[in-house]
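**Q** Listed below are the residues making up each chain.
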Amino acid sequence: MAADKYETHEYDVVVIGAGGAGLRAAIEASAQGVKTALICKSLLGKAHTVMAEGGIAAALGNVYSEDNWQVHFRDTMRGGKMLNNWRMAQLHAQEAPDRVLELEEWGALFDRTPDGRILQRDFGGHRYARLAHVGDRTGLEMIRTLQQHAVHKGIDVYMECNIQRLLIDGGRICGAFGYWRESGRFVLFKTKAVVVATGGGGKAWKFTSNSWEYTGDGITLATDVGADLIDIEMVQFHPTGMVWPPSVRGILVTEGVRGDGGTLKNSEGKRFMFNYIPDFFKAETADSEKEADAWYEDKKNRRTPDLLPRDEVARAINSEVKAGRGSPHGGVLLDIASRRSPDYIKKRLPSMYHQFKELADVDITKEAMEVGPTCHYFMGGVRVNADTAASTVPGLFAAGEVAAGLHGANRLGGNSLSDLVVFGRRAGLSAAEYAKASAGKLTIDLGQVEEVANTLLAPFNNNGGENPYTIHANLQDCMQNLVGIIRTEKELRQALEEIEKLKQRLKRVSVEGHRQYNPGWHLALDLHSLLSVSEAVTLAAIERKESRGGHTREDYPDPDPKFGKVNIVIRKKNAEWSLAQEPLSEMPDDLKVLFEEKK
Amino acid sequence: MSEQVATVPTTRARGLYQQVATLRKDAWWVEPALTVTMLTTFIVYTTWAALVNVHYFVDPYLSPFYSPCLSTNCAHPTFALFNWPLSPAMLILWAPAGFRLTCYYYRKAYYRSFWLSPPACAVRDGHKVYSGETRFPLLFQNLHRYFFYFATIVVLFLWWDALKAFRFPVPGSHAYTFGMGVGTLVLLANAALLSLYSFSCHSCRHLCGGGLDVLSRSPGRLKLWQKVSRLNENHMLFAWISLIGVMITDLYVRLLSMGYITDLRFF
Amino acid sequence: MAATDVTMRVWRGDAAGGEFKEYRVPAQEGMVVLDVVHTIQATQAPDLAVRWNCKAGKCGSCSAEINGKPRLMCMTRMNTFQPGEPITIAPVKTFPLIKDLVTDVSFNYEKAKAIPPLKLKPKEADGTRRMFQEDVDRVQEFHKCIECFLCQNVCHVIRDHEENKQWFAGPRLFVRLASLEMHPLDIADRSEFIKDHAGLGFCNITKCCTEVCPENIHITDNAIIPLKERVVDEYFDPVMWLLRKLKK
Ligand SMILES: Cc1cc2nc3c(=O)[nH]c(=O)nc-3n(C[C@H](O)[C@H](O)[C@H](O)COP(=O)(O)OP(=O)(O)OC[C@H]3O[C@@H](n4cnc5c(N)ncnc54)[C@H](O)[C@@H]3O)c2cc1C
Ligand code: SF4
Ligand code: SF4
Ligand code: FES
Ligand code: FES
Chain F
4 MAADKYETHE
14 YDVVVIGAGG
24 AGLRAAIEAS
34 AQGVKTALIC
44 KSLLGKAHTV
54 MAEGGIAAAL
64 GNVYSEDNWQ
74 VHFRDTMRGG
84 KMLNNWRMAQ
94 LHAQEAPDRV
104 LELEEWGALF
114 DRTPDGRILQ
124 RDFGGHRYAR
134 LAHVGDRTGL
144 EMIRTLQQHA
154 VHKGIDVYME
164 CNIQRLLIDG
174 GRICGAFGYW
184 RESGRFVLFK
194 TKAVVVATGG
204 GGKAWKFTSN
214 SWEYTGDGIT
224 LATDVGADLI
234 DIEMVQFHPT
244 GMVWPPSVRG
254 ILVTEGVRGD
264 GGTLKNSEGK
274 RFMFNYIPDF
284 FKAETADSEK
294 EADAWYEDKK
304 NRRTPDLLPR
314 DEVARAINSE
324 VKAGRGSPHG
334 GVLLDIASRR
344 SPDYIKKRLP
354 SMYHQFKELA
364 DVDITKEAME
374 VGPTCHYFMG
384 GVRVNADTAA
394 STVPGLFAAG
404 EVAAGLHGAN
414 RLGGNSLSDL
424 VVFGRRAGLS
434 AAEYAKASAG
444 KLTIDLGQVE
454 EVANTLLAPF
464 NNNGGENPYT
474 IHANLQDCMQ
484 NLVGIIRTEK
494 ELRQALEEIE
504 KLKQRLKRVS
514 VEGHRQYNPG
524 WHLALDLHSL
534 LSVSEAVTLA
544 AIERKESRGG
554 HTREDYPDPD
564 PKFGKVNIVI
574 RKKNAEWSLA
584 QEPLSEMPDD
594 LKVLFEEKK
Chain V
70 MSEQVATVPT
80 TRARGLYQQV
90 ATLRKDAWWV
100 EPALTVTMLT
110 TFIVYTTWAA
120 LVNVHYFVDP
130 YLSPFYSPCL
140 STNCAHPTFA
150 LFNWPLSPAM
160 LILWAPAGFR
170 LTCYYYRKAY
180 YRSFWLSPPA
190 CAVRDGHKVY
200 SGETRFPLLF
210 QNLHRYFFYF
220 ATIVVLFLWW
230 DALKAFRFPV
240 PGSHAYTFGM
250 GVGTLVLLAN
260 AALLSLYSFS
270 CHSCRHLCGG
280 GLDVLSRSPG
290 RLKLWQKVSR
300 LNENHMLFAW
310 ISLIGVMITD
320 LYVRLLSMGY
330 ITDLRFF
Chain Y
7 MAATDVTMRV
17 WRGDAAGGEF
27 KEYRVPAQEG
37 MVVLDVVHTI
47 QATQAPDLAV
57 RWNCKAGKCG
67 SCSAEINGKP
77 RLMCMTRMNT
87 FQPGEPITIA
97 PVKTFPLIKD
107 LVTDVSFNYE
117 KAKAIPPLKL
127 KPKEADGTRR
137 MFQEDVDRVQ
147 EFHKCIECFL
157 CQNVCHVIRD
167 HEENKQWFAG
177 PRLFVRLASL
187 EMHPLDIADR
197 SEFIKDHAGL
207 GFCNITKCCT
217 EVCPENIHIT
227 DNAIIPLKER
237 VVDEYFDPVM
247 WLLRKLKK
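Protein chains in written order, with the working numbering: chain F, 4 to 602; chain V, 70 to 336; chain Y, 7 to 254.
To be clear, the hints were calculated from the coordinates, so they are not data collected in a lab.
With a straight-line cut-off of 16 Å between C-alpha atoms, the simulated EDC-like cross-links for lysine to aspartate or glutamate are: (1) F/350 with Y/140; (2) Y/119 with F/159; (3) F/156 with Y/116.
Where chain F lies over chain Y, by a calculated footprint (3+ residues, C-beta under 8 Å): (4) 114-123; (5) 126-136; (6) 147-153.
Here's a subset of chain Y near chain F, in silico, CB distances under 7 Å, partners left out: (7) 52; (8) 53; (9) 105.
In this text, a Cβ means the ideal position worked out from N, Cα and C, and glycines have one as well.
Isolated chain F (complex conformation) (with noise of 0.2 Å):
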């Protein structure tokens, strides 16, 4: 292929990726004088930062000023069932706060204390109110606040911009190849370092919190120059997710509806959490409904169960489901209207207020709201380096939800949020250090790109074969299905062969029309990824046989010491999958003091 077909553009730092992660990268990659490239596959500002709804979780202590990084770490860790990197975390809990400032220094305006500063409220797991946030809107004012500032400081954006396959030159990276949505045609990056911050892959499952981007693309990217991925089957199902009408099924509802005291119950009319504290949650966790309301009052009572970690309650509504104490529409009640009044509602949860009432018509300041688990969120990812974001792959930094460590088995609400930014900063300051010092020329190996060129438009080469949009409705169930909140043995397996028939029919895809803004060609093309990262998250639940956080195993109930000490760690190699379980970093004993003293 001649090499005027592609646009090539030459960079220093290309961040693949314009959410809160990705943005955060590239100010600080640029602000490191390199130059630096920002691609998203939407437009910019669209990403799912977009749509964090609760706050982000910084121990600035503004409402409670018993609360400091140690004790953030402390729910951190735990809330992850002490599977995350304890690195990661120390550093997220100690650097989140400044980073929370630093986005009011560049415009982010908060809810506000009486004495002006930063308002923080409570969220499942946090031992005190401590997420920043903007009403129901809080990443929205996060994404604008850094696409303002990246603006501003003339970083070059690639918008609707996607970015296929990385490119390596002695094991190194030294290029990226996609193309531009708008027109079909590719384009090429030359660059000595890439940071990934595409997020996740919810986008396999059928319901979903998830946007048509999450289609695990940064993922593949890794795995397809041989990145390790760790802890990929921790998959977090959203306990809250909207399951009516069918067309919104899945929808968010922000776990700040609990926060700000709505409660779950069953068709019984009984609030079914206080039957579901588990032994490692007992002695911070009310066991009363009065203790419960009260401690929304007083933080010096125990919490109320409805904030229990995620996995928890998702696991709990589950059964209540199961048990036929479910809601009319398979999901169970969410009730702040008996709770608080209309205005408080209004005020403190616009955005849902407002979803509810014009997708589902239902008034959450009158009615109780029907709500069920949803997919939401992958711990699990790139395997990086605590301090630099760095990959196994050099010149590959990652940073957000594609990268994994911070979260552990289960993550914390609002802990997503400063991750990106905490991480996103580190990820390019060291991407700019990497590229400044890295030495020697980088070549492009254009035989590379013209395969991947080809590959990319076999879908219109293909004649009468499948439909993209059908391949992806069936990975969706299939792993709704059989890789959901509650998994077997016999179900993965199952599944493993559904989605190798997927991956045979892919083959066999075929598009219409052209190359001009054609999301059919799209689709096929994130089939690649969605699959890929299916078969990875199966095979790592496979490997994994206890329960713990995200991953539950029918065939496993119990979480496993064994377990417990280790990370399932997939990589690719020429195509084939390969796992290993690894061990994880020993936590030094000044942080581990801060586990014992709290029992």
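Using the hints provided, position chains V and Y with the ligands relative to the given structure of chain F.
**A** Just chains V and Y with the ligands now, kept in the frame of chain F:
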């Protein structure tokens, strides 16, 4: 694959569908049509009422179109400043008229309905070229706040008239007695509606506190601004009902004066 | 219950040409227009171009003109239409057409680049930033903007007068400018920019932007008119001018 590359358009143009003036299927023309009808009625009536120079006073009621009355030949001079040969309404009506003409709400209303710029949302502008309010004479819309000052003074007089409407002449003497009739209520309502309109004005909102960046540092103005802001949300409503109100008030006084109706006295 | 069909007339084509094509899809309870478009994609027209992300009115990607009204497809429920009547979906009109329902919205991003950025005053003596809810309330309304650009699309200043695009920034950017101007800690003065570079004077406050804003931002009343008043302070009010001179 080369032929597929070639299908990329090189020109950037809008779609052809846009050649139609609108794709709206609803009765979008109702609103501008109503506005034209209402405003035309008002303008015709007011112009006539202001020029006829009779039937604007029946003790103790003075028509709002003639208040304050500044000429010596007034039926009921407020301040007899000089002798004005024409209708004394002309001496003062420019203030409320200008106030309404430059009002942000009425601008919207007549730009849409009279000027068709645009007649309704997503319906094509009725003009080929458009410069908005950037040039003479529309640049003068920027002086709206001055009309606010003058019109507010006029409203103060209308309150004064409303108070005086409690003072009825005792027939056959020069004495006055305290009383109240339907006309009193009409004048009171008129003054109240016009005040609501005036104090919900956008310029007023700006002057009260909207122009400040840090409201919390001036608690008094913050409160004021919050109150005016609440009124301001209904500015359009006040604009219409005060418009109808002032017309009815004049009509009431006029019909009384012409003897078509009689005033009901409560006491 | 027997499924009824809905009929959609969707614009298919690019800048070079195109037409409204009719599609019929089975109706489902609670469906929004975007669901119908997705069904058409999955079953009848896989290459039908459309933008979307969140499906919940949060990202502002899915703007279009439904029966001639600028709206978000994901927040327009099918049961708001007369059953049986065909529904027309066209791409937004003001921006160059790329394909089908997708337009080139780069105008908005270009205009955003030119806006004078936030400039904060020094920190408090104790090294913190203090802002009070009553000061940020106003600005938080503007920050609700999801950049759907429906207001930009409906604004007749550029919708019907292409040449004005050079000197008119549009309501979305006025919202942005208002949020900066009213930021309690900002000290930059943008009056000149607002008047001469953003073209505030072109707005004749006819309020279509406010009518279509899916976030219910009172664009005209709370952003544009207050900005106009600030410009008056600076450029048109002789008394203010005199006061400023005297203060100096
Ligand atoms: C509804 C919802 C509510 C949430 N609420 C909260 C909350 O309250 N608090 C919290 O902490 N977390 C919350 N989360 C989680 C959090 O929002 C996400 O995990 C986080 O925003 C991910 O950010 P990111 O920067 O990693 O990726 P994203 O913001 O998803 O950005 C991904 C970027 O990568 C780009 N991209 C992807 N693939 C490619 C490709 N192949 N080529 C080019 N570009 C590509 C995309 O275009 C996009 O710009 C919520 C998530 C959802 C869905
Ligand atoms: S009010 Fe002004 S900015 Fe808004 S649509 Fe009308 S002319 Fe455009
Ligand atoms: S101001 Fe409203 S209409 Fe305009 S872009 Fe923002 S959300 Fe959309
Ligand atoms: S009177 Fe209408 S805005 Fe001033
Ligand atoms: S898809 Fe996000 S606003 Fe419609």
